[in-house]
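Next come the chains, spelled out residue by residue.
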Amino acid sequence: MNITSAQYLKSEFDGSISTIKATIDEQEMSVPIDTGNRHYAAVLEWAKEDSNEIAEAD
Amino acid sequence: MSLARDIADLGAVTSRLDTVGASSGALSNRNLIINGAMEVAQRGTSQTGVNKYGVDRFITQSSNASIVSAQVSDAPDGFSHSLKLTNGGTDTGTGAYREVKYAVEGYDLAHWQKDTQSLTMSFWVKSSLAGTYQVAFRTDSGTDYWYSFAYTVSANTWTFVTHVIPPSPNSTLSSDNLSGLSIFFVQYYPDNWISGAATTNWETSSATSMATFPQHWANTANATWQLTGCQLELGDKGTDFEHRSYADELQKCKRYFESKSFTTFVEIGYSNGTTSAHCILPYLEKRAAPTVTLPTAGTGTNELTFRTPTGANPSTTGSNTAYDLTTTQGRIQGGSYAGLTAGGLSTLYLNGTANVTFDSEL
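From first to last, the protein sequence lines stand for chains R and W. Note that the first sequence ends on residue 112 in this note's numbering; no numbers are left out. Note that the second sequence ends on residue 368 in this note's numbering; no numbers are left out.
Errors might be hidden in some of the hints.
As the list claims (entries may be wrong) - Per label pair, the in silico range of CB-to-CB distance:
#1 52(W) x 101(R): 30 to 38 Å
#2 163(W) x 105(R): 43 to 51 Å
#3 175(W) x 111(R): 25 to 33 Å
#4 173(W) x 56(R): 14 to 22 Å
#5 55(R) x 227(W): 41 to 49 Å
#6 52(W) x 69(R): 29 to 37 Å
#7 332(W) x 102(R): 21 to 29 Å
In case anyone wonders, no lab produced these hints; they're calculated from the structure. Virtual Cβ for every residue (Gly too), placed ideally from N, Cα, C.
With the hints as extra help, turn the sequences into a complete structure.
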């Protein structure tokens with residue numbers, strides 16, 4: 055997977071964080087924070103690389 | 007019809023049932039592969055790039071993004087479709103590879119007595135490049151174990167392959183919603199990934215389980231490779247392909263991926279302020295919480311926006327994201343809007359037709 059950005063999303067409803075907004079293979083996706091999800095696993099691997107990090111929620 | 011004829015026919019049926027029963031004891035649901043006849047292609051029938059599903063459940067992985075994965079109608083007798091790869095770009099480097107991967111969910115292997123029971127893999131395959139190819143298996147929980155076997159094809163000729171896989175030494179294979187067994191249909195792995203001589207045992211390294219490839223499919227322009235009739239069953243006897251109805255295969259596929267097409271109104275939601283709104287979005291039960299892809303936010307053609315209670319577009323459409331995703335439902339959240347009605351109903355409106363996708367593939 056080619057991941058180019060990732061950011062935690064805060065719920066407008068209750069402020070909780072359960073999703074990452076990520077651009078994967080040039081497509082914006084809502085990725086659940088769930089260890090069984092392959093995109094979430096890929097984002098975590100991507101974030102281990104030096105220049106990458108999952109941005110904080112706005 | 008004579009009594010003798012009836013008895014003869016009954017004998018044939020009994021013999022057939024004995025063959026099936028000897029494989030796994032199951033007369034139905036023998037095939038552990040979903041969409042083995044390549045009939046379901048929810049993402050479209052032709053896609054270019056890496057990590058693409060030309061048909062549901064079979065992902066194409068490649069070191070070159072010009073590879074095409076397609077569902078085509080060319081198939082051997084008894085089948086209507088096949089998965090076809092076309093090598094759009096060539097590779098010669100040490101990292102050059104092409105493969106199609108299928109992952110079997112752990113739950114579907116719960117009845118495999120892996121330390122004593124064999125598996126039998128069968129499929130139809132065709133390639134424009136004659137030669138010897140390989141299929142690799144990897145158990146995916148606990149210690150990874152690898153097993154592979156080779157098959158040989160003539161150019162442009164459908165060939166039936168069947169192979170018995172010995173019991174696995176992996177005693178910690180989990181029965182859960184994660185990947186239990188990965189199957190790699192390899193068109194090409196580079197020599198530096200492989201030790202050079204294949205063994206006939208399960209190995210703890212992919213390198214020692216595979217032999218070098220005598221032909222270079224990845225470096226052959228416009229080479230093609232096709233697959234259908236893919237069946238994996240318990241036991242050491244392969245049986246005829248178990249055809250399931252299209253409806254059955256589609257429902258099985260939707261545990262891993264679902265594409266819902268919407269036209270105009272999507273759902274009814276609620277604006278909790280002038281800048282944000284929410285609505286519930288249900289879907290078929292997934293293997294795990296899915297990744298969701300939404301249409302572009304906006305009021306233009308095929309774009310998605312929350313609206314006011316009177317059905318008017320907001321003055322500004324912000325961003326839409328899926329939230330609180332579970333295995334059965336999620337919530338679409340609109341944020342950074344302007345002009346919504348606080349405390350009012352809000353329709354989620356699609357100006358045209360577009361798909362929302364839910365991806366829970368392994």
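Outcome of the hint check:
no., hint, verdict
1, 52(W) x 101(R): 30 to 38 Å, "holds (33 Å)"
2, 163(W) x 105(R): 43 to 51 Å, "holds (49 Å)"
3, 175(W) x 111(R): 25 to 33 Å, "violated (45 Å)"
4, 173(W) x 56(R): 14 to 22 Å, "violated (38 Å)"
5, 55(R) x 227(W): 41 to 49 Å, "violated (26 Å)"
6, 52(W) x 69(R): 29 to 37 Å, "violated (43 Å)"
7, 332(W) x 102(R): 21 to 29 Å, "holds (27 Å)"
Violated hints, listed in ascending order, are 3, 4, 5 and 6; each of the other numbered hints is respected by the structure.
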